[in-house]
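Chemist: If you want the building blocks of each chain, they are given just below.
Number of protein chains: 2
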Amino acid sequence: MQQLIDHITRHSSIKPEKLEPIADFFEVRTFKKKEPLLLEGQRCHEKFFVAKGCVHLYYLRRNGVEQTIDFALENWWTSDFMAFQQGGVAQFSIRAVETTEALVLSAARQQELLAALPELHEYFHLMFQRAYAASQMRIRKTYELSKEDLYQDFSRNYPAFMQRVPQYLLASFLGFTPEYLSEIRKKSVS
Amino acid sequence: MQQLIDHITRHSSIKPEKLEPIADFFEVRTFKKKEPLLLEGQRCHEKFFVAKGCVHLYYLRRNGVEQTIDFALENWWTSDFMAFQQGGVAQFSIRAVETTEALVLSAARQQELLAALPELHEYFHLMFQRAYAASQMRIRKTYELSKEDLYQDFSRNYPAFMQRVPQYLLASFLGFTPEYLSEIRKKSVS
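Residue numbers (this note's numbering), protein chains in the order written: chain A, 1270 to 1459; chain B, 1270 to 1459.
Chain A on its own, in the form it takes in the complex:
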């Protein structure tokens, strides 16, 4: 919990002492490796702050293959935000890539939390602006870069992450086959 409080005070003007009561609104949950946080097709009424660990967001392609579209590491929020916002059915699943500790905030509890502490909108404003800004850059990169350049760009920007995530998930995220990814890796090592 302290980790989230630190994160909020770092990214907003809210004083730490105002944040003491927020623990009551969250549920701390530990997910084993490969355990789901959210399942496609189920009602999505929670968002997750990753305190420790790593999760991936994916959907099931028509051919039954899981397509990873995003990851979340420590200090990132994740959910199917369209479904979360509308209280609708999730179009994505989220699963722990490694043992993950998450602070879980339900939509109902969030409403109460924001009513009690409206200053938190400032923090969420910045978090979503940042996430949206990153997605603008990501969309630019998917137009602009070849698959190989996309891999190089990713390696440069997130070296620690590359070590943590299984190759088949990284390949899925980058839109590669695992074989193609292994080819590129060999090339860039040599």
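These are calculated hints, taken from the structure and not from any lab test. One or more of the hints may lead you astray.
[Claimed, not checked] The calculated DSSO-like cross-link candidates involving lysine-lysine, where the alpha carbons are at most 30 Å apart (straight line), are: (1) Lys1303/A to Lys1321/B; (2) Lys1287/A to Lys1287/B; (3) Lys1456/A to Lys1416/A; (4) Lys1410/A to Lys1284/B; (5) Lys1416/B to Lys1410/A; (6) Lys1456/B to Lys1416/B; (7) Lys1321/B to Lys1410/B; (8) Lys1302/A to Lys1410/B; (9) Lys1455/A to Lys1410/A; (10) Lys1284/B to Lys1287/A; (11) Lys1321/A to Lys1302/A; (12) Lys1410/A to Lys1302/B; (13) Lys1302/B to Lys1284/B; (14) Lys1301/B to Lys1321/B; (15) Lys1287/B to Lys1321/B; (16) Lys1416/B to Lys1416/A; (17) Lys1284/A to Lys1416/A; (18) Lys1284/B to Lys1284/A; (19) Lys1287/B to Lys1410/B; (20) Lys1455/A to Lys1416/A; (21) Lys1287/B to Lys1456/B; (22) Lys1303/B to Lys1416/B; (23) Lys1287/B to Lys1410/A; (24) Lys1302/A to Lys1416/A; (25) Lys1301/A to Lys1284/A; (26) Lys1302/A to Lys1455/A; (27) Lys1303/A to Lys1321/A; (28) Lys1416/A to Lys1410/B; (29) Lys1321/B to Lys1303/B; (30) Lys1321/A to Lys1287/A; (31) Lys1455/A to Lys1303/A; (32) Lys1284/A to Lys1287/B.
From a predicted model like this one, the values you see are computed outputs, not experimental measurements.
Given the coordinates of chain A, work out where chain B should sit on it, guided by the hints.
Modeler: The following block gives chain B in isolation, referenced to the frame of chain A:
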């Protein structure tokens, strides 16, 4: 200005009477068709609320071709949000597709506005959550759909928009050549 006030009251719990002073923080600017709102390479210190008209967000590919990655119509906010947040250099340009009236908020004025009326964070929290949620769905669709299905999906979801935007911009956005787009259109009419 009334349009923005209506939009804020529709998407937050802020009372309209609290919003009267906000006009002072904005600049109303009219852009002629094809006039730029923001240029790649320049410092980005403004965000734009489209009151009337339509703009597109694009960048210059290495081969000199303009790649459109997004549009904004009435009641949408647009900017290069990474650059806006960091006060950095824009990696995108924004240009009016048709005569456009925009409410312009500079980063400096936004800071003053939010200090005077912190309740506005609630509105921006929701706006960015919505924009980020839409970009999650968009990323899913670019993985999932063929180019032709992407076009059909777009036509179904934004029919009015399809009528307003020049074909070559739509083709660029969808990652088509104009020739390919014209082929698909013929096919879907017949």
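Chemist: A separate judgement is required for each hint: does it hold in the structure or not?
Modeler: Checked hints:
Between lysine 1303/A and lysine 1321/B, the direct Cα distance comes to roughly 48 Å. Violation of the 30 Å bound is thereby established for this hinted pair. Between lysine 1287/A and lysine 1287/B the alpha-carbon distance is near 25 Å, which keeps this suggested pair within the 30 Å criterion. For the suggested pair lysine 1456/A and lysine 1416/A, the alpha carbons sit about 14 Å apart, so the restraint of at most 30 Å is met. Distance check on the hinted pair: lysine 1410/A and lysine 1284/B sit about 41 Å apart at the alpha-carbon level, beyond 30 Å; violated.
At most 30 Å may separate the alpha-carbon atoms for a hinted pair to count; lysine 1416/B and lysine 1410/A meet this at roughly 18 Å. The straight-line distance between the Cα atoms of lysine 1456/B and lysine 1416/B is roughly 14 Å, inside the 30 Å bound, and the hint therefore holds. For a cut-off of 30 Å, the pair hint linking lysine 1321/B to lysine 1410/B stands: about 28 Å separates their Cα positions. Our distance criterion of 30 Å between C-alpha atoms is met by lysine 1302/A and lysine 1410/B, whose separation comes to about 28 Å.
Of the pairs offered as hints, the one joining lysine 1455/A and lysine 1410/A holds, with about 23 Å between alpha carbons and a cut-off of 30 Å not exceeded. With a C-alpha separation of about 25 Å, the suggested pairing of lysine 1284/B with lysine 1287/A holds against the 30 Å cut-off. Among the hinted pairs, lysine 1321/A with lysine 1302/A is consistent with the structure: their alpha-carbon atoms are about 12 Å apart, no more than 30 Å. This hinted pair checks out: lysine 1410/A and lysine 1302/B have alpha carbons roughly 28 Å apart, not beyond 30 Å.
Note on lysine 1302/B and lysine 1284/B: the hinted pairing is violated, with a Cα-Cα distance of about 35 Å set against a maximum of 30 Å. Among the hinted pairs, lysine 1301/B with lysine 1321/B is consistent with the structure: their alpha-carbon atoms are about 12 Å apart, no more than 30 Å. Among the hinted pairs, lysine 1287/B with lysine 1321/B is consistent with the structure: their alpha-carbon atoms are about 24 Å apart, no more than 30 Å. Proximity of lysine 1416/B to lysine 1416/A is assessed by CA-CA distance (about 18 Å); at most 30 Å being required, the pair is judged to hold.
For the suggested pair lysine 1284/A and lysine 1416/A, the alpha carbons sit about 44 Å apart, so the restraint of at most 30 Å is broken. Proximity of lysine 1284/B to lysine 1284/A is assessed by CA-CA distance (about 26 Å); at most 30 Å being required, the pair is judged to hold. This hinted pair does not check out: lysine 1287/B and lysine 1410/B have alpha carbons roughly 40 Å apart, beyond 30 Å. Straight-line distance between C-alpha atoms of lysine 1455/A and lysine 1416/A comes to about 15 Å, which keeps the hinted pair within the 30 Å bound.
Between lysine 1287/B and lysine 1456/B the CA atoms are separated by roughly 52 Å; this puts the pair beyond 30 Å, and the hint is violated. With a C-alpha separation of about 27 Å, the suggested pairing of lysine 1303/B with lysine 1416/B holds against the 30 Å cut-off. A distance of roughly 41 Å separates the Cα atoms of lysine 1287/B and lysine 1410/A; the hinted pair therefore is violated under the 30 Å criterion. With a C-alpha separation of about 28 Å, the suggested pair lysine 1302/A and lysine 1416/A falls inside the 30 Å cut-off, and the hint holds.
A hinted pair counts as satisfied when its Cα atoms are at most 30 Å apart, and lysine 1301/A with lysine 1284/A does not qualify at roughly 34 Å. Restraint check for lysine 1302/A and lysine 1455/A: satisfied, since their Cα atoms lie roughly 28 Å apart, inside the 30 Å limit. Between lysine 1303/A and lysine 1321/A, the direct Cα distance comes to roughly 15 Å. Compliance with the 30 Å bound is thereby established for this hinted pair. About 18 Å separates the Cα atoms of lysine 1416/A and lysine 1410/B, which keeps this hinted pair within 30 Å; it holds.
Using a Cα cut-off of 30 Å, the hinted pair lysine 1321/B and lysine 1303/B holds, with the two alpha carbons roughly 15 Å apart. About 24 Å separates the Cα atoms of lysine 1321/A and lysine 1287/A, which keeps this hinted pair within 30 Å; it holds. Between the alpha carbons of lysine 1455/A and lysine 1303/A the distance comes to roughly 28 Å, so the proposed pair stays at or under 30 Å and holds. Straight-line distance between C-alpha atoms of lysine 1284/A and lysine 1287/B comes to about 25 Å, which keeps the hinted pair within the 30 Å bound.
Violation of the numbered hints given earlier is confined to hints 1, 4, 13, 17, 19, 21, 23 and 25; the remaining hints are satisfied by the structure.
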